[in-house]
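Top to bottom, those sequences are chains A and B. In this text, residue positions in the first sequence follow this note's numbering: the first is 2, and each later residue adds one. In this text, residue positions in the second sequence follow this note's numbering: the first is 2, and each later residue adds one.
Honestly, the hints are just simulated from the structure, not real lab data. There may be inaccurate statements among the hints.
Copies of one chain are not kept apart here, so a pair can be met inside one copy or by any two copies together.
[Claimed, not checked] Once the Cα atoms are required to be at most 25 Å apart in a straight line, the calculated DMTMM-like pairs of lysine to aspartate or glutamate come out as: (1) LYS386 x ASP451; (2) LYS222 x ASP451; (3) LYS185 x ASP207; (4) LYS228 x GLU649.
No experiment lies behind these values; they were computed from the predicted model shown.
Number of protein chains: 2
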Amino acid sequence: MSQRNGWHGWVGMSSVLLCLAIGLIGCRRGEIADEGGDAARGTPVAGLPEDANQIIQERGLTPDDVAAAVATYTPSGKMDEYIMFASGGHSGQVLVIGLPSMRLLRSIAVFTPEPWQGAGFGVRESPFHTEGDPPIGRKHLTWADTHHPALSETNGDYDGQFLFINDKANARLAVIDLRDFETKQWVVNPVVNNNHGSTMVTPNTDYVVEGSQYAVPLGLKYAPLDKYQEQYRGLMTFWKFDRAKGRIDPAQSFAIELPPYWQDLADSGKIASDGWVFQNSFNTEMATGGIESGNPPFEAGASQRDMDYLHAINYRAAEKVVADGKCAEINGFRVIPLATAVSEGVLYFAAEPKSPHGVDVCPCGKHIVVSGKLDPHVTVYHIDKIKEAVAKKDFEGNDPFGVPILRFDAVKEAQVEIGLGPLHTQFDAQGYAYTSLFLDNAVARWSMGDCKYKAPEGAWKLVGTTPVHYNVGHISAAEGDTVDPDGRFLVALNKWSVDRFVNTGPLLPQNLQLLDTSRPGDRFPVIYDMPLGNAEPHYAQIMKADKLKTWEVYPDVGWDPLSQVKSETAPMKGAIRRNGDAVEVDMIAIRSHFEPEHVQVRQGQKVKWTITNMERTIDATHGFCIPSYNIEASLEPGETVTIEFVAEKEGVFPFYCLEFCSALHLEMVGYLLVEPASN
Amino acid sequence: MSQRNGWHGWVGMSSVLLCLAIGLIGCRRGEIADEGGDAARGTPVAGLPEDANQIIQERGLTPDDVAAAVATYTPSGKMDEYIMFASGGHSGQVLVIGLPSMRLLRSIAVFTPEPWQGAGFGVRESPFHTEGDPPIGRKHLTWADTHHPALSETNGDYDGQFLFINDKANARLAVIDLRDFETKQWVVNPVVNNNHGSTMVTPNTDYVVEGSQYAVPLGLKYAPLDKYQEQYRGLMTFWKFDRAKGRIDPAQSFAIELPPYWQDLADSGKIASDGWVFQNSFNTEMATGGIESGNPPFEAGASQRDMDYLHAINYRAAEKVVADGKCAEINGFRVIPLATAVSEGVLYFAAEPKSPHGVDVCPCGKHIVVSGKLDPHVTVYHIDKIKEAVAKKDFEGNDPFGVPILRFDAVKEAQVEIGLGPLHTQFDAQGYAYTSLFLDNAVARWSMGDCKYKAPEGAWKLVGTTPVHYNVGHISAAEGDTVDPDGRFLVALNKWSVDRFVNTGPLLPQNLQLLDTSRPGDRFPVIYDMPLGNAEPHYAQIMKADKLKTWEVYPDVGWDPLSQVKSETAPMKGAIRRNGDAVEVDMIAIRSHFEPEHVQVRQGQKVKWTITNMERTIDATHGFCIPSYNIEASLEPGETVTIEFVAEKEGVFPFYCLEFCSALHLEMVGYLLVEPASN
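Looking at chain A on its own, in the form it has when it is part of the complex (with noise of 0.2 Å):
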């Protein structure tokens, strides 16, 4: 095909693709409306207070609603049973939201300055805009892309510990704490500017995973677009993570160099395939766009072949190509370059279906589920028949960057037509996988074969689906993701809301479908609509409220939340020091007044200022800002935090406690006055 038709000439080969991704919306709202048997409508329900069958007739619930309510109604002071952890997408924080009630319980500050948290508005606690210094060029950073946020797991269960979240954007990542639901440590890829099969750990959490997404040179140097093939990679990191220090370790850490294909979505083996990471791919038509050149874009020039390549990593291996010393060094970092994971045995591929996106492994390790977003089956493989494969080199070839593909029958399991639009899947412990259908808008419940449990219906079959409202991307059911599934409930990540709340503009909330999924067979209804208006979540996990350590105060009086550890100097009574134009001030902070309450300083003066929240009582969170400083910090009861400025500007500044601590909340104020340099 002639370059000059230029993106003309692709509508017919892609067409079909975009019609269904267009399209979808304007033909599925008219049959979704009328679901819920109108009939049955207002119906009112012998045994309830008079009062509650006025409401459903004049709410106009069905039974069915009505079941829905008292499935997720959760009342006062009852807690929830879960709790789930969401990426915030690019509002780059993370949203933690109980089930089944479906309510938001917070969210935290990863990546954005949050002052309601007090993150990142002068506290040293919230290092948000210091971060990824040069050589690594991404400094002063204030928002972020989070996907795949990652439980931390001992033998491949969530343990309560720890979370751990991506930055898609700027390749970074970063270690939440769960003991104070505070963010403890950024960490950014000196090798990569991208990723986004991350973050994923290994069983134990020896390792967190991050994956690249885009192509690019590796070291984050310049090359042009025709040396594409030649200077643009992939690459694998695997960032070690010290449990007894909370903290990532760099230094101990490495990366696999890998083709420029845009990899994307990963999963750790588990027991049967324990040592062994998996990530799929898409764009091994390595196209590199330029629709203004009269060339495919990258949504056709992307999606040409027929199969892609699932990655098959021995970490195992890698971390003896390492221990060996046979890596280079990027940056400072390691990285093994592609000839050796190659030589080495690290690295295989094997063929799967049309532009991948999620890659999931089933509870007993031995199945790896992909699906193809293009092609309307789910691909499972087997761990043995790819151990085999790789123990016989049954390959059928090798890629253009010599790395071995595992012969695609060789390693299939099973392939079972689901839908369109298949992307993500989770399990349950009846025996059921399910899979997120973007295009269908649907989620389909289908049986695994010889795995941990036995669905009634057998293997490999379709059982049902559910619609959901709409484009759904990831799902995530309870601890679905682990080698010990609960089952129960599932939620559906809705990218679109469309039709389903109150309009409030042009920029739509998502919507987090609930679904029960307690009972066998194709019924697994929908019960709860959670519209969410301030993030986009991309995936979730939900872990057991109790497994959850979490601290009502801080341990002591003059803690450090960035260290954990009580502070040597933080206050524990109020004094100025000065010493030339060095002003120290040590504040105490009690329901309701701060001490001291004046600090008089000469403008220019270098002021330091720590502050000890003094409380022990749960919920006894103070605030501090300076006005017109951009100062600003929440204390919670035992916190300490230091602030240091310049008082640049004159005039007469009144500090105040931010949350309403007590009735005299509003007397608890001091004045900060700088008398200009002039005076």
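With chain A held as given, fit chain B onto it using these hints.
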């Protein structure tokens, strides 16, 4: 009492208050934990689907729980009937919540940059970082302490067009357009640097009212605290609102100088009291604190007098003073001096009980309800009596600044004893008023006298109280501060949640509790607990959702949301223009590609990058980001944005769509290539 005794000398005096404030949670938790009739839990309900009854038993729901569940549960695709706009406190945002489901529909970025909305990361629609340049002296503020949202009104009723919100910390106001729920204007007070009695609107939104809180030297000057009574002042600002332009017009606005008390909340008169604004005050002791020097802390020093001053401001008289040119100018802003306000009959005081917090005008406008938070009564004033006392000069003297004090018994209509720590009052359509009781952890329902509606219990009686959990601040009833309240629902904005939700760390969520106030008498129960873990709402307004006239998509392709018109320069096709070191990129975004896909520049070049989202389908939002450059945007259907930056970093930067917009969303990407200057 000797100043040398220091703070310990003051413990006795305020120990009762401190005990009340601090001890309360501890002593109430026991009681409240037992409520709800455990005996009745799990009773099966005949007529419900069997699985529903099984769930009721498994979850131990009482008949009242089931009634609350059906009253609040909103099935998929059914719309909430009311929409609540809540301030975000020190999150700096506004939260939009649906009733009765109590679901967070979305947040609105007002003062704090928020990337999910593309607000404040390089896009001109979000001047978050550049408001308040000198002489105003509040530059680069990236957070705020929002307190009191005010919906625009026509004839004293919500009209659904605009929302206003204040920043207490920095004396700023913002204007939000409810056609797209985006912030359009930020104004900064040039005379004082903090506010609280703000925002309230006059009955036809002629003015947005901003009352200061902590006295400071006017004009943002420096003055020592020993000059407090001479040089520190309060201020009431009347910002003129131009409804046609949807903007505040500072040139047509003015302010009134007030004594250096700490003015608190304000409310506009309506109907009978149209033309007046009422504001209360505390610290009429003019205490200046200084606990570190042995002085009483503010919490004690500001709580000594039994009465403070209700401010009655005749703003029609003030307008005449301004028209007659009798005002001063401070930093270019028109200010009526205190002496002039007195001599021209603009300002009157009336005694009000100890440390008032809320002042609220009833639906007919005759009654002004004040709560002294250290007094168990609400005090009700009558506008006719105020006008008569003004006319007759029925004063009980003047304050130290010459402000006439209306005789208390001449202006007082009633006092009703309702409980401990009364704060704020709202109204319904049954003749009831509701007042939050901070110290009692309850909401009181009491009957109005000769008002728009008559309660069956007769005038000025406490009818009942409902416990809330815990430390309730503001309350909000459906249209409960308008001339035409709806009743039915009331939300208690509780500051502490303590034992209501799964523990998510030492920083607890707030608890917004929904009360069913639809029936007369003493029963108006809590029917829903909504945890709020991303903000600290102070006040909220609840409006009938059908009053909104919100856009589903922007009216035209190429829409500029800041000016709310189609931009003449919005790209309709891709192009790159180069002029020396200036590079202009015209980009379009449509499922599922950007055009152009390649942007090649040299390091150090100045880039002006304009993007139009060509979509006309509801919810077809595209995101855009340039990783490593901290540039990020959200483009709703039809929206155009412009980003300007210098290409300082060399390298290869994939820019991509941030919203999962189609099955080929991951392919909606391009490369920014920054060739090193050294090449």
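Which numbered hints fail: 2
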